[in-house]
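Hey, can you work out the whole structure from these sequences and the hints?
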Amino acid sequence: MTEGWPRIVGRARTAVSPWLEIITREVQFGPETPAETYYAIGQRDYIVALAVTPQSEILLVRQYRPAIERMSLELPAGLLEHGEDPADAMVRELREETGYTTGSIELLGQGATCSSRISNITHSYFIRTRERQPSFIEEEGVGVILATAAEVREAALSGQFCEQTHLGVLALAVMKGLISI
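For our numbering, add 15 to where a residue sits in the sequence shown, where the first one is 1.
Hints listed in this document are in silico derivations from the structure and should not be mistaken for laboratory results.
Since we're looking at a predicted model, the values are computed, not measured.
Each hint should be verified, as a subset may be incorrect.
Stated by the list, open to error - Cβ pair distances, simulated, as ranges: (1) Gly98 with Ala162: 18 to 28 Å; (2) Arg77 with Thr116: 47 to 57 Å; (3) Gln175 with Leu122: 43 to 53 Å; (4) Ile37 with Glu99: 17 to 27 Å; (5) Ile23 with Gln78: 49 to 59 Å; (6) Pro69 with Asp100: 19 to 29 Å; (7) Tyr53 with Gly98: 58 to 68 Å; (8) Arg80 with Gln43: 32 to 42 Å; (9) Ala162 with Trp34: 26 to 36 Å; (10) Leu187 with Gly156: 25 to 35 Å; (11) Val189 with Pro69: 18 to 28 Å; (12) Thr163 with Arg28: 39 to 49 Å; (13) Thr52 with Ile83: 44 to 54 Å; (14) Glu155 with His97: 42 to 52 Å.
Using N, Cα and C, we set each Cβ at its ideal position, and we do this for glycine too.
Pasting the structure below:
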């Protein structure tokens with residue numbers, strides 16, 4: 016590659032919904048090459064947590080995902096609100112999805128969600144929870160599951176736990192010695 020290349024020579028954003036936009040970029044890879052068009056999905060940053068209860072159970076969420084047309088077993092996760100701090104957003108999302116409050120939160124890592132197609136960053140956390148709020152009512156169609164590490168391992172290996180980004184969070188937690196599965 017030549018110094019100073021590639022260059023973005025054009026960019027446009029098309030809103031699809033409050034949560035999604037299509038980004039078109041015209042990229043030139045050298046002074047003598049024509050620009051090529053690339054598309055990406057624009058979305059607010061993503062947060063996900065491996066949350067462990069005082070009883071050493073791992074919090075999972077089961078819900079229907081229209082994009083894959085099936086139920087999915089996942090870690091608690093969501094999108095940041097505009098201007099929201101990622102750690103604060105994760106504490107909020109954990110409470111909203113599971114009814115659990117946060118005892119401690121540790122950043123596991125952050126990086127591109129899918130560098131070839133999505134323009135956002137994933138912020139991954141390890142949370143030690145407090146007890147579940149007694150007044151919590153599960154959202155329609157969303158179930159909270161308490162699982163042992165062995166059950167999470169089996170769900171991952173059998174394909175029930177299908178969100179690859181979340182498997183990466185589990186791997187980070189294992190590599191950092193926070194859990195063993």
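Here is what the structure says about each hint:
Hint check: Gly98 to Ala162, Cβ distance near 34 Å, so the stated range 18 to 28 Å is violated. The given range of 47 to 57 Å is broken by Arg77 and Thr116, whose C-beta atoms sit roughly 21 Å from each other. Between Gln175 and Leu122, the C-beta spacing of about 27 Å breaks the proposed range 43 to 53 Å. Evaluation of the 17 to 27 Å hint for Ile37 and Glu99 yields a pass: the beta carbon distance comes to about 23 Å.
The hint said 49 to 59 Å for the Cβ distance between Ile23 and Gln78, and at roughly 37 Å that hint is violated. The hint said 19 to 29 Å for the Cβ distance between Pro69 and Asp100, and at roughly 25 Å that hint holds. Checked against the hint of 58 to 68 Å, the pair Tyr53 and Gly98 fails, with Cβ atoms roughly 28 Å apart. Checked against the given bound of 32 to 42 Å, the beta carbons of Arg80 and Gln43, roughly 38 Å apart, stay inside it.
At roughly 28 Å, the beta carbons of Ala162 and Trp34 sit within the given window of 26 to 36 Å. In this structure the hint that Leu187 and Gly156 lie 25 to 35 Å apart at CB holds, the actual value being about 29 Å. Separation of Val189 from Pro69 is about 21 Å and conforms to the stated range, judged on CB atoms against 18 to 28 Å. A hinted range of 39 to 49 Å holds for the C-beta pair Thr163 and Arg28, which are about 44 Å apart.
Distance hint for Thr52 and Ile83: a CB-CB separation of about 28 Å, inconsistent with the stated range 44 to 54 Å. With their beta carbons about 26 Å apart, Glu155 and His97 fall outside the hinted range of 42 to 52 Å.
Hints 1, 2, 3, 5, 7, 13, 14 from the earlier list are contradicted by this structure; the remaining hints agree with it.
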